[in-house]
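**Student:** Below, each chain spelled out in residue letters.
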Amino acid sequence: MKTIAKVTALALGLVCGHGASAQDKPEKITIGYLNLVNAQLVTKNLGLVAEEIPDVEIEYIKVGGGGDMLRAIAAGQVDFGGLGNPPTAIGLTRGLPIKGILVLNMLGYVEAMAVRTSAGIESLADLKGKRVAAPFGSTTHYLLLKALAEEGIDPATMEILDLPPSDIAVAWVRGDIDAAWFWEPNLNKAVQNGGEIMVHSGEMAERGYPTWDIGVVMEEFAETYPDLVTSFIKAECAGIDFWLENPEKTAEIIAEELSLSVEDATRMMNGTEMVPCDEQLTAEYLGSPGEIGEFADTLVSTAEFLVEQDRLPKLLTREEFAAKIDPSYVAGVVGE
Amino acid sequence: MTVDAVTQPIARVGALAKALRPHLRVPRFLGQRSFLLSSATVVALFLAWVLVTSTGLANELFLPGPAAVWNAFVKAAISGYQGSTLLEHVAASLYRILVAFALACVVGIPLGVLMGVSRDANALLTPLIEFYRPLPPLGLYTLLVMWLGIGDESKLALLFLAALPGLIITTIQAVRTIDPIYVRAARSLGASHRQILFGVYLPAAGPTILAGMRISLGFTYTVLVAAEIVAATAGIGWMIWDAAKFLLSDVVIMGLIVLGLTGVALDAVMRLVGRLLMPWTLRGRQ
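Protein chains in written order, with full-length UniProt numbering: chain A, 1 to 336; chain B, 1 to 286.
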């Protein structure tokens, strides 16, 4: 009982004495970032968020993939996170309290389908009877099935296997699989071991199936600290600008952050498109407040795919997805 | 609340069941105190689950209610999960577990007997087993995939490696703790090596080996999900892993319950076989 009284007194003291400042700033901001190449690594490496928000501890947590990020968000372990379009559609449909506030990156040839040259695969139709790998639930799994559907090929005519990217590389080198849609740096191992790129995600974007990663914020955090969200976006926009203006330095930073060679980092950078913050407000991306852009359409298309796959229980409408995309923070930063 | 508060009503139900037995042909185990206590645990857990989920204390995303899990079960059983029915998932996993476990028994138990009897064999093999035993099976898995590929071979190997050390170590222990008087007595009566092995060592060590087998089967289960992450298209472990990626908690919990029940059933079978093969283990218990 004594301890409880003490804690209560302390809490009361905090609220009364420093009420205002305790409301304005949290003790710590936790940023979950994905293990992939985008300007968030630059922002982190240069400490840009800490520059914008000087008196709050900033903690970065590296998250392996979309599934892990969803779990981290569901458990409330991060304030900011990043998600590809499939996990975003999953999270929003399952009612996770997040909203998308920033384009982290558009996926180009950093994600691609490699086919074994000796297997004589020249078109998607040649995949019939072959073993094809993709990490299920990822952007590339989505694109593989969309590409097959577009050409009217039944996925059941081939063996589609669920493998994590590192195991795809191993299976490829062993000769267990003949095609795989996955991403760098492991993608390069397939190309160097008798593989060639048949189609990459940038081409699919041109055909109307863009894939991307979006920066998300926990709704409660955004309501409590709207100014901090704006500061966060300001830092991320500065990181994107740095990427666009200093490609060589950026490659060094990425090589350091992800323990890659500078050569690998450069290749991955070139296969990833960064969108300057002012462009993010156009209809092709987030759109503007009140007129949400094509990101909402991609979410609908992704959710349709997941519902067909029986992996989502219901299909949200475009309006429902659009309500969870909030370009106002980027608009605030760009408008300054 | 004292233990009596729980056990007394249970004892009363037990007495009632006993009293009714001559009239109703109630199966005998239903009246046993241990069965009723076990049932009480299961019922209490289930009620807690119902209570927590129906009052909205738990987020449905993390802990769906029994009805949702039941629906997931019915759906998977009838129309299947991702191309295979629940029965096919269970069959794929049980096949992997049983084949790997049987191989581990065939290799592990004789090795354990050998190491328990012969100091030299023990010295030769100990470094190998002691080194790999604490290694997490997942750490080995990448190597196994490199060596054996993405088919069933690498999955079986991972499950086999998880089962093996427990079997070897309990078998060594079982052989070493045999009272040497048994062996000396058999020898003085002129028993051959073969007779001593099958007439003394195995019967005396049997119960401990069986305990080791039960524990090892548990270890095999612990790596099932890990084994089925790579390129499986069927299996309860894969179903759980796949559903977790899509936040389908109802399927995850359903899969865990089904997996747990198969484990309980396999354990019961092993105990039954033990009782049939080694009736002397019952001596002194009843």
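Since the hints were made in silico from the structure, they are not lab data. It cannot be assumed that every hint is accurate.
Where chain B lies over chain A, by a calculated footprint (3+ residues, C-beta under 8 Å) [what the hints assert, rightly or not]:
1. 86 to 97
2. 129 to 138
3. 169 to 178
4. 301 to 311
Every residue gets a Cβ at the ideal spot worked out from N, C-alpha and C, and that includes glycine.
**Student:** For each hint, tell me whether it holds in the structure or not.
**Tutor:** Evaluated hints:
no.: 1; hint: 86 to 97; verdict: holds (count 5)
no.: 2; hint: 129 to 138; verdict: holds (count 3)
no.: 3; hint: 169 to 178; verdict: holds (count 5)
no.: 4; hint: 301 to 311; verdict: holds (count 4)
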